[in-house]
Each structure stands twice: as C-alpha cells, then as structure tokens.
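A.B. asks: Use the sequences and the hints to build the structure in full.
2 protein chains.
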Amino acid sequence: MRRVAICGLSMCKVGNHYHKSLRELFAKVALDAMENAGGPPVNAMYVGNMSSSEHTSQKNIGVLLSNSIGLNSTPSMLVECADGSGGAALYEGFKSVASGLYDIVIVGGVEKMSEATHGENRKISSKAIEQECEAFNGLSIDGEFAIIMRYYMHYYGVPKRQFALFAVQMHKHAARNRYAQLPYEVSVEDALNMQTIADPVTLFDTAPAGDGAAAVILCPLERAQEFTDTPIEIAGAGQASDTLALYDRKNILTFKATSEASKIALESSKLKISDINLFEVHDSYTISGFLALEDLGVIERGKVGQSVEEGLIDLNGPIPTNLSGGLKARGHPMGATGVYQAVESSLQLRGEAGKNQADPAKVALIQNAAGIGSLVTVHVLKRV
Amino acid sequence: MRRVAICGLSMCKVGNHYHKSLRELFAKVALDAMENAGGPPVNAMYVGNMSSSEHTSQKNIGVLLSNSIGLNSTPSMLVECADGSGGAALYEGFKSVASGLYDIVIVGGVEKMSEATHGENRKISSKAIEQECEAFNGLSIDGEFAIIMRYYMHYYGVPKRQFALFAVQMHKHAARNRYAQLPYEVSVEDALNMQTIADPVTLFDTAPAGDGAAAVILCPLERAQEFTDTPIEIAGAGQASDTLALYDRKNILTFKATSEASKIALESSKLKISDINLFEVHDSYTISGFLALEDLGVIERGKVGQSVEEGLIDLNGPIPTNLSGGLKARGHPMGATGVYQAVESSLQLRGEAGKNQADPAKVALIQNAAGIGSLVTVHVLKRV
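If you read the sequences in order, they're chains A and B.
FYI, the numbering used here numbers position 243 of the first sequence as 427, with every residue one higher than the one before it.
FYI, the numbering used here numbers position 4 of the second sequence as 188, with every residue one higher than the one before it.
Hints listed in this document are in silico derivations from the structure and should not be mistaken for laboratory results.
Hints are not guaranteed to be accurate.
To be verified - Cross-link-like lysine-lysine pairs, in silico, DSSO-like; alpha carbons within 27 Å at most:
{"#": "1", "chain 1": "A", "residue 1": "K204", "chain 2": "B", "residue 2": "K307"}
{"#": "2", "chain 1": "B", "residue 1": "K447", "chain 2": "B", "residue 2": "K487"}
{"#": "3", "chain 1": "A", "residue 1": "K212", "chain 2": "B", "residue 2": "K434"}
Keep in mind it's a predicted model, so treat the numbers as computed, not measured.
C.D. replies: What follows is the structure in structure tokens.
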C-alpha cells in the first residue's frame, strides 16, 4: 500500500445557493481544488451525495459531476451511505491511490438541499434510518435521536442544559468560520428555549440542512511535492458498520462503528488517540457529537457535557473539536459533510485556518457517520 | 497489485418476486454465494443498486444488506451509477482485494422493481439520462435510444428486422437458462410486430425490468484454492465514462466508454480481444447490444445484425454472446445486472453453465453500462 496525501482542496460556504444547480455548485469547488493542486491530470473521481435522485431526479451523478469540470472519459463513481457518503467517498478515493491503481483522484461531496422544501427534506433525511420496521411505523431520524438522547440523560443523570452548551460551543467556533451556515454566537438560554422537534431534541440539538460542495485532490505522498508545498498525509483510514435498525442494538449509548473505525484508522497510522491535536466529529444531533467523543475514547462516558462546560473542546482547550462549527453550526450538507471535514482539517494542518487556527495542529482526526452511526468512516490526517 | 479471483457465486431467477422484500431477496443469494465459497470470513461488501431509494425509501442499503446476512460490523458500500451499478460495484470490490486492503469481499447486486408500477419504473429508469436539458424537456431513456437506433438504421442502411433478429437470438439463449425472466423462444415476426415504445424502438428492442439478486465472493488468487476447486480469475478490469448528455456527443453511433474500458481491461489482462471465448454485453436495448459488440471491436461497424443472422453470436458460433439471454431475455434487474454477468460468465468458465455451456470457455469478457453508455465497466474473467 502506498502512502496517500491531500494535495489540493476547496469548499464553498454552506447555505442556500438557490441560484446554482447541483453541477454548478460542484464545478466551481472542484475546479478550485484542482487549481489549488496546480491542475494535475485526474485518473478518477469519487463523489459523496445522498439525495440528488430525489432533489434533481438524477442518477449516476458521478458522471454528471465529472462532466461539469470537463472530464468526459474519467471514471467517476457515486458512493451513497446517507449522510456518511462524504467520508465513504474519501475512503474509496484513498484506497484507489493507496493501491497504486490511480495516481490522482478527486474526492467530492455535494448536496443541494434547497431544491426541496423543508418538509420534503425531513422525509429524505429519514431515509437514512431503517424503513421496514422503524420508519414505516412512524419513527423519524429525529425520533431515533430523541430516544437515544433521552436515555443518555436518564442513564447518566445529565440535564438538557449540557446539550445546549454543546450547541453554544459549536456556534462559538462557527462565528469565526466564513464557510459556516450559521456564523453567529448563541446563548445557552437561546439554545435551551428553542422549539422542540422530538422531545427532548430541540431545534438547537439538530443540524441545519444546507447546500454545500467540498473537494480534495489525492495523490501518492511521494509525488505530493509536485502539486503543493503543504501536503497533508492521510495517515490512517478505517471504516466499520453497525446495525441499520436501532431495535437491533444491545446498547444505544454507543455507536460501536465509531470505536471500530477509529481503532483501524489509528492502528494503520501508528498513532494513539492522545496524539491527535484536533477533531471533526459528526454531530448531526448534539447527542451524536457526545457519543462520537466518547466512542473515540477522547472523553469519559457521560462526561461530554461537563467537558464542554469546562472548555475542553474549545479552540483553546486541550481537545479542540469541530473548530468549523460542526454539523450544528457550519451546517450539514448531508453527503458533502465528510468531505468538508477533510478540507477543514487539512486547512488546520496547513496552518491556513484563519481565526480558528489551532496550535499545535499536526494531527487531526475526522469522523463521519451515516444515520444513527450505521456506517462510520474515520480518517487520521497528518502534516508532512 | 495482487491477482484476484471469484471463489463463490450465486443468483436467483430474474422475475417478479412479489413475496420477498429487498433484503430477503438479497440475503438468500448472498448466503448461497458464501456457502459456495465455503463460508469465509468477510472483510467488506460492495453493492450495486439503482433505485432502492425510490422503491423502498431506504438510503444506505449497503448496511441493510450486510445486516441481512448477519454482518453487523463489516463495511458495506452502495455504489450507484444507474444500471451500470453492478459492474461498478464489482470494480470497487476488485480494487479492494487487488490493493491488499481486504482479503474477502462480497460483491452483490440487487433490485426490487416489482415494488413500483410499470409507469413509475419507466420514470425511475429515465433518471439515468441527463435531467436538466434532456429529461426535463421531455426525453426519456427510450427516446434517447430511439434516436440512436434510428440514426444507426439510416447511417448503415440497416432494416429494423436486424434488430428483431438480435432479440430472437437472445430469447433462444434464454430458453435454455433457468434463471432467465423470459425463458422462451420468439419468432422474428413476433419481435417485429410488437408495439412501438418510441419509434423505431419496439417492446422487443427493450429489456424487461425484473427483480433480481446476484453475488460473487472475491479473494486473492493465491488463496482461492482454500475456498473453491474452480477459481475464476478477474484477469483484467477497466472503467471509463462518456458525457451524460446525448447532445454533448460528437458521434452517437459509438459508446466510447466501452472501447476505453475494454482497452484498459484487456491491457491489464495481457490478452487480446481475439482471445475471448464468450461475451456478456449490456443490451438494455437491441441497439446498445449492437454498439457494445462494435465498440469492443468484435464485429465490424454496421454489421452486427448481419452477423447475428449468420449465427456468429450463437452458442455454436465463433463469438458466443449473451448466452444468459442478455438483458433482453434474462431480464434487466438494473443495478444487479452487472453482477449477473459476472456470475453467468464464471459458471461458463467453470463448465457449469448447463444447456448453454460454451466450448471452449477459458476467457470471458463482461461489459456493463450506465444509461446511454455514460459509464462503462469491463472485466475479463479467466479460468485458472
């Protein structure tokens, strides 16, 4: 297996890009990423997207998107595993370069949520959970996370306020991120008093669905200097799944796929979790942010809220987490989210993260999950 | 890159499996394929499917399907590129084993068309073509193939009867295939007199949409003897794309992705097209079967109909093609079709193809295409 580097990257602000089509949104970002890598010839493309089939009636969007940047022969593949698609596309791209099959690969993530109404988008989001037994009997993805959050509160004796604190922290980070969908600070009272979506999940326990596109260019590490002065190595990659259905789980207070994927990624990178300087985790709901940090082994079970209150995951804390603002405040463009995490962490490792720059920033870990953690991809990124 | 073999396989009859859900249909076939390989431990799964998001509202079906056979941690990925998904999933699985990342990979294809009405399925099928300019202005996938077929007839001065002969030949093969959706012979007159779908495309120029599931188990060639007495090597694999939109093409009488993908596959297998004993090509319409054989360089341009009439692609001819009955008569379970081709060709190379057994059957080539050939995957399979 060859070592793999990120040698180019780009993303757009998450939000409502009403005036741009799916392909326009993607093309600008992908071309910028190519330019960022000095315009190397591309061998293949992997795309993460969840819902273009609903939003634009388009299947086979790998080819649509490669065409959009002038690639009319290059293999281009859509990888779909709900809102974990971006991380999964990165993983497929990584493997293709690591294997020696391809030298230059574009990994893109794109989602155009503003094509549909809010109500339609909630239905589409719930396609991420098990349908036959759970969704068809009335559960939504909000409902599943409400069950998990309520049980967490009960089991660890944790008040709702601790979740609100997480949202506040995400907004604090997002306020300094010009690519964020919600770049402003909020108070704990604001977060606590938001309307309930599925008790105890309030609006501020969920992530906003936005339009977004992000792309990274991968190459063999040994060739990275041809394309960039600041290569970022994908030092480790891991992927694992869990049951799709919540009712199939023995313990709903852990997403075991996160632990397993991070174990594989860390082992392959020959690093320990304590070597990681910063994290981007999949907080599609505040509770999934909590579980991610616990399942990664970064924070003790039941103590995430307390750790947030103590400033541990802040830019200036010992375990800076979601400096982008996370899914909560950077926004959650579904199938693109995992690629956003890769771009944001790479900028941190390059020292180009602006007002949110962490120090030290030598090693980052990104965790992207599908639905209720049914499939999780973890990558360890390292400054070369 | 390691050499890769198919060490287990299974498929079900294509047809209307009203009494089985998507996961039930897949689970039986996948478990049979596992048993066929002696039940090795599985490292990962790749699934080809086009429309579960419409048919069953389920995203992330990689995990649904891995769960269905008791795999609750194994990474499992949906690859979607319309009706080219099965071949693309095989390609991703091949790369994963070739790279050394995984030892045992299941590649599955599944589609449950009977969940929707015929009218709904026609709409879903048309999601394979470009939406913004072509579909939204009234073109369907039938319409696009009608344009290509009419131009072919005009350009080469070929009568409609030659296309009917292709359909007749497919049915002749399917009549001996117990897995075929339409296992009966038809006359040229029957085929010619079928109702018109989109002039000149008649019902018998199209492939029936059926439910289906197929699976192969991949392993490193060096380990294949552990799992089977009849390993089939994936000696070459190639993939290429074309424009998604028909209007973007300079020449609509060639699917250039087929030529490019087969060139890559043949080069990597160190074989010539003349070394191939049998073919499975993507005849989603009779015209796409024609173009496949021309783009592969097997039959001279404009001469496919004549070659069919002369018996060249018959079981007893020099270039036996679609002995399964092809998409036309074995049936076209969309995202599963590419995996069917792999199973059928492997059975031929094993000498287990029953009444349709070709001789010699040492090397086979399979070609699976998305929509109007927008993405094509070609694999060369070889008896070890």
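A.B. asks: Does each hint hold? Answer for all of them.
C.D. replies: Here's how the hints hold up against the structure:
Distance check on the hinted pair: K204 (chain A) and K307 (chain B) sit about 25 Å apart at the alpha-carbon level, within 27 Å; holds. Pair hint K447 (chain B) plus K487 (chain B) holds up; C-alpha atoms about 21 Å apart against a cutoff of 27 Å. Distance hint between K212 (chain A) and K434 (chain B) is fulfilled; the C-alpha atoms sit about 25 Å from each other, no more than 27 Å.
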